[in-house]
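Work out the full structure, taking the sequences as your base and the hints as a guide.
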Amino acid sequence: MSFEAVKANFEKAGIADRIQVFHESTASVQDAAEQLGVKPEQIGKTMAFNLKEGPIVIVVKGTARISNQKFKAAFHQKAKMVQAPDLPELIGHPAGGVCPFALQPGVRVYLDESVKDEADLYPAAGLPNAALRLSLAELQQYSEPFEWTDVVKD
Numbered sequence: 002m003s004f005e006a007v008k009a010n011f012e013k014a015g016i017a018d019r020i021q022v023f024h025e026s027t028a029s030v031q032d033a034a035e036q037l038g039v040k041p042e043q044i045g046k047t048m049a050f051n052l053k054e055g056p057i058v059i060v061v062k063g064t065a066r067i068s069n070q071k072f073k074a075a076f077h078q079k080a081k082m083v084q085a086p087d088l089p090e091l092i093g094h095p096a097g098g099v100c101p102f103a104l105q106p107g108v109r110v111y112l113d114e115s116v117k118d119e120a121d122l123y124p125a126a127g128l129p130n131a132a133l134r135l136s137l138a139e140l141q142q143y144s145e146p147f148e149w150t151d152v153v154k155d
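Residues in the sequence shown are numbered consecutively from 2, following the working numbering.
FYI, nobody ran anything at the bench for these hints, they're computed from the structure.
Just so we're clear, the structure is a prediction, and the values are computed from it rather than from any experiment.
Treat the hints loosely; a few may be bogus.
Said to hold, decoys possible - SDA-like, lysine to any residue: derived pairs with alpha carbons at most 25 Å apart:
hint: 1; residue 1: 154; residue 2: 34
hint: 2; residue 1: 117; residue 2: 137
hint: 3; residue 1: 40; residue 2: 114
hint: 4; residue 1: 154; residue 2: 109
To be verified - Now the in silico label distances, taken between C-beta atoms and shown as ranges:
hint: 5; residue 1: 78; residue 2: 16; range: 33 to 41 Å
hint: 6; residue 1: 42; residue 2: 90; range: 25 to 33 Å
hint: 7; residue 1: 16; residue 2: 107; range: 20 to 28 Å
hint: 8; residue 1: 26; residue 2: 53; range: 28 to 36 Å
hint: 9; residue 1: 107; residue 2: 142; range: 15 to 23 Å
hint: 10; residue 1: 16; residue 2: 38; range: 13 to 21 Å
Every residue gets a Cβ at the ideal spot worked out from N, C-alpha and C, and that includes glycine.
Shown next, in the form of structure tokens:
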């Protein structure tokens, strides 16, 4: 379901041809970078967290790591990732395929400042072996972020 929903969104936008599906996994940043032939920094890593108000996803640069201090300052609670078995129900995508598109209703999207370092980013596309290329402007347009944040380690 999740890949089909992501693909349908991008078909409406006329850029579904950018979605790449691989025989090998692109679930990790390193795997995705190797399959796509890009730097790990260019991977748009989408991380899912449980907040008291409900689940959220944050897109960060592929090599970035979450700063617990910054996360707590931004969201006023500790970072608690959504567990892999709960991802499809809470977020709408399986582990390795989490992306900021075609999410379950109510899931808020945040874009981390770290993604501004790259002209093009390659987020997942709803499957652990699918990704697509988007400019920063396109990522912002199609993910419809609730807001920008800064939660990664310096």
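Hint by hint, here is what the structure shows:
1. 154 - 34: Since the Cα atoms of residue 154 and residue 34 sit roughly 21 Å apart, the hinted pair holds (cutoff 25 Å).
2. 117 - 137: The given pair, whose Cα atoms are some 7 Å apart, holds under the 25 Å limit.
3. 40 - 114: This hinted pair holds, its Cα atoms lying about 18 Å apart.
4. 154 - 109: holds, 22 Å
5. 78 - 16: 33 to 41 Å: holds, 36 Å
6. 42 - 90: 25 to 33 Å: The hint (25 to 33 Å, Cβ to Cβ) holds, given that residue 42 and residue 90 are roughly 31 Å apart.
7. 16 - 107: 20 to 28 Å: holds, 26 Å
8. 26 - 53: 28 to 36 Å: holds, 33 Å
9. 107 - 142: 15 to 23 Å: holds, 21 Å
10. 16 - 38: 13 to 21 Å: Check passed, 19 Å falls within 13 to 21 Å.
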